[in-house]
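A.B. asks: As a plain string of letters, each chain reads:
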Amino acid sequence: MSAEQVSPPRTLFDRIMDSHLVRGETDDAPAILYVDLHLVHEVTSPQAFAGLAARGIKTRRPDLTLATIDHSTPTLPPDCNGKRPFVSPAAEAQVATLLRNCAEHGIEMLGWDSADRGIVHVIAPELGLTLPGSVIVCGDSHTATHGAFGALAFGIGTSEVAMVLATQCILQRKPKAMRVTITGPRPAFVAGKDIALYVLHVLGFSGGTGHVIEYAGEVVQAMTMEERMTLCNMSIEAGAKAGLVAPDETTIAWLRACPRVPEGAEFVAMAAQWRTLKSDPDAVFDREISVDISGLSPMASWGTTPDAAGPIVEQIPEPRDTNESRGFDYMGVAAGQPNEGRKVDVVFIGSCTNGRLSDLEAAAAILRGRVVAPGLRVIIAPGSEAVKREAEARGLDMVFREAGAEWREPGCSMCIAMNGDIAAAGEVVVSTSNRNFAGRQGPGSRTILASPATAAASAIMGALADPRRFAGSPEPEQEAFRA
Amino acid sequence: MRQPFVSLTAPLVGLAQASVDTDQIIPARFLTTTTRQGLGDKAFFDWRHDATGQPIAGHRLNGIAGQGPFILVAGDNFGCGSSREHAPWALLDFGFRAVLSTRIADIFRSNSLNNGLLALEIPADIHQQLLRAEGTAITIDLAARKIRAPGICPDFGFDLDPFARLCLMEGTDPMGYLLGHSATIADFEARQRSEMQ
Ligand code: SF4
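In order, the protein sequence lines correspond to chains A and B. With our numbering, the residue at position 16 of the first sequence is 16, and numbering never jumps. With our numbering, the residue at position 183 of the second sequence is 183, and numbering never jumps.
Just so you know, these hints were derived from the structure itself, not from any lab. One should not assume that every hint holds.
[Stated by the list, open to error] Selected chain B positions facing chain A (in silico; Cβ < 10 Å): (1) Thr9; (2) Ala18; (3) Thr32; (4) His49; (5) His59; (6) Asn62; (7) Glu85; (8) Asn114; (9) Ala164; (10) Pro174; (11) Tyr177; (12) Phe188.
We put the beta carbon where it would ideally sit given N, CA and C, even for glycine.
Using the sequences and the hints given, assemble the complete structure.
C.D. replies: The structure is reproduced here in structure tokens:
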């Protein structure tokens, strides 16, 4: 064998898989893949810890495991006795169970007393635990968020949570590789969320099934880390295993500022290694798709799958199939109706898709000095304690409160609506989260997915509104506007 | 150890609706549990209960709850969305032992197989025929990798990941397999440490 023998071209995804193979895949068994970071939260972990207890085993690498509480936690503050308003004793017990399990297993818990608590996919990137080239798993389908840093990150089930706790490994057959190249130029007032919704619309709700998507192209390269997280976050809505973006100077600049990333020479060495993490120019993907966003404008969904979405300024098109037409019935929309102007009852700004500082800034830019439409409920839940702190330091909380919005404690809140933050049956919610499934935000609730700017504009108008209406003065006419 | 799954003969229950996400299979508000038992009551809850939480009389699923085992023939793209393993737990507890569809979402499939719920993708034409055969018993023979549906369609073979198939047939879960590789994992960790120095 010649030392010069060249290895075949590899994708970034190949590189990360290869460097984490404890045992390669065979016909008979999937690969054993090593996990660098295991994120744990209260909802998908209790049965996993119980499984370990039943076998009498402990967590193999508590040092590579981090837990927080975010899904079933109340976003209203404790009362004067310090009692938190949990939606049910079960929710409270679930949080207590995780606290106990973490103590027993020596796992770091970012709990109520932590200044770093927050939505699991918001806090790991903030702390600098989400590193390029690493394998990250969590019992949560939006784990793909971490792919924004060039990590291979995917959601797992509770049985797998137990396996990772016990062995720090996961069994995995290699998914296929897809590259989605996003080309521009990117129009003004088009948010990362608008791009994510458009990519989803192009791919379809199952268009990514069985694939790991690498997002590439000039538009992606020019995105901020927060926008890349929004984009990768929604990969699962196309059925993809994961989404990722090759690390670059934007990634390195973000990580340099993170509290848990080493400094000095160690950082320089790490950064040098991160710069090598990319797909070879001649790497072959199983599927290649190009998405042109040059004519894009702000997006909003109209159906009950996240891909059923389009420009706010356009009319709602004919449903593509019977399933979509059932979604139209559920949402109370009809083909030919303008997307914009649909009446809204609730606005939710938050979640691991759009609950970071730049998202709150975008909403505040529109809400500043204005008030929300009468009768409308607006809930704003920062993605983490750090986001909350920074937003308050910049006075955003006051902007929101003065506009008539509720400024909540960090958590998943109305994204999944399992903590008591719900919309009533029939209510229409403009939501910056990631799923518009029937009943996702409460039984019978109806979700319109959109960007923080669109959510804020809709809050003022009391109806789904194009945020570009607020790009200049004078004020848009509220009354004439409603459909 | 769970009950080994070698061959199953059970009636079909068809749900033709496409893109049934795990929020439909079990709504999020029921996820505050810390056990995996007793979730059958919550399976498809919002489909078969009215706004006050009362079972809708005459709903097909209410009529058969607890009378399994059944084989679910689900519409295209079944189990998309949230990674909640509560979805297969609820289906199993309701009485389903297998789910057949033209497309099954990745995480849901692995969650199902890890719990002994056979999740299998089948060709579209056969899927259509099975959907029309509500209540008819068919046989899924895992040993022979064949589905026999006499009177509905000719016998047909299926592919299933050999590892998942073995786990189902032996009634084991993959945890034991992984624990059996502890030494290999320790070697990997040692290699990682030495590379870092
Ligand atoms: S914010 Fe929503 S999508 Fe994100 S982790 Fe929480 S529940 Fe899941």
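A.B. asks: Quick check on Ala164 of chain B please, does its C-beta sit within 10 Å of some C-beta on chain A?
C.D. replies: holds, 9 Å
A.B. asks: Can you verify the interface hint for Glu85 of chain B: is its Cβ closer than 10 Å to any Cβ in chain A?
C.D. replies: With a closest approach of 4 Å, the Glu85 of chain B hint holds.
A.B. asks: Any CB of chain A closer than 10 Å to the CB of Tyr177 of chain B?
C.D. replies: holds, 7 Å
A.B. asks: Please verify that hint: His59 of chain B, Cβ, nearest Cβ of chain A, below 10 Å or not.
C.D. replies: violated, 16 Å
A.B. asks: With a cut-off of 10 Å, does the beta carbon of Thr32 of chain B approach a beta carbon of chain A closely enough for the hint to hold?
C.D. replies: holds, 4 Å
A.B. asks: Pro174 of chain B was flagged as interface toward chain A. Is the shortest Cβ-Cβ separation under 10 Å?
C.D. replies: holds, 5 Å
A.B. asks: Min Cβ distance, Phe188 of chain B to chain A: is it shorter than 10 Å?
C.D. replies: holds, 4 Å
A.B. asks: Less than 10 Å between beta-carbons is the criterion; does Thr9 of chain B satisfy it with respect to chain A?
C.D. replies: Because about 27 Å separates Thr9 of chain B from the closest Cβ in chain A, which is outside the 10 Å limit, the hint is violated.
A.B. asks: Can the hint on Asn62 of chain B be confirmed by a CB-to-CB distance to chain A that is less than 10 Å?
C.D. replies: Status violated, d = 17 Å.
A.B. asks: Let's test the interface hint: is any C-beta of chain A closer than 10 Å to that of His49 of chain B?
C.D. replies: holds, 9 Å
A.B. asks: Does the interface hint hold: is Asn114 of chain B within less than 10 Å of chain A, judged Cβ to Cβ?
C.D. replies: holds, 4 Å
A.B. asks: Can the hint on Ala18 of chain B be confirmed by a CB-to-CB distance to chain A that is less than 10 Å?
C.D. replies: holds, 4 Å
In summary, the structure is inconsistent with hints 1, 5 and 6 from the numbered list given earlier, while agreeing with the others.
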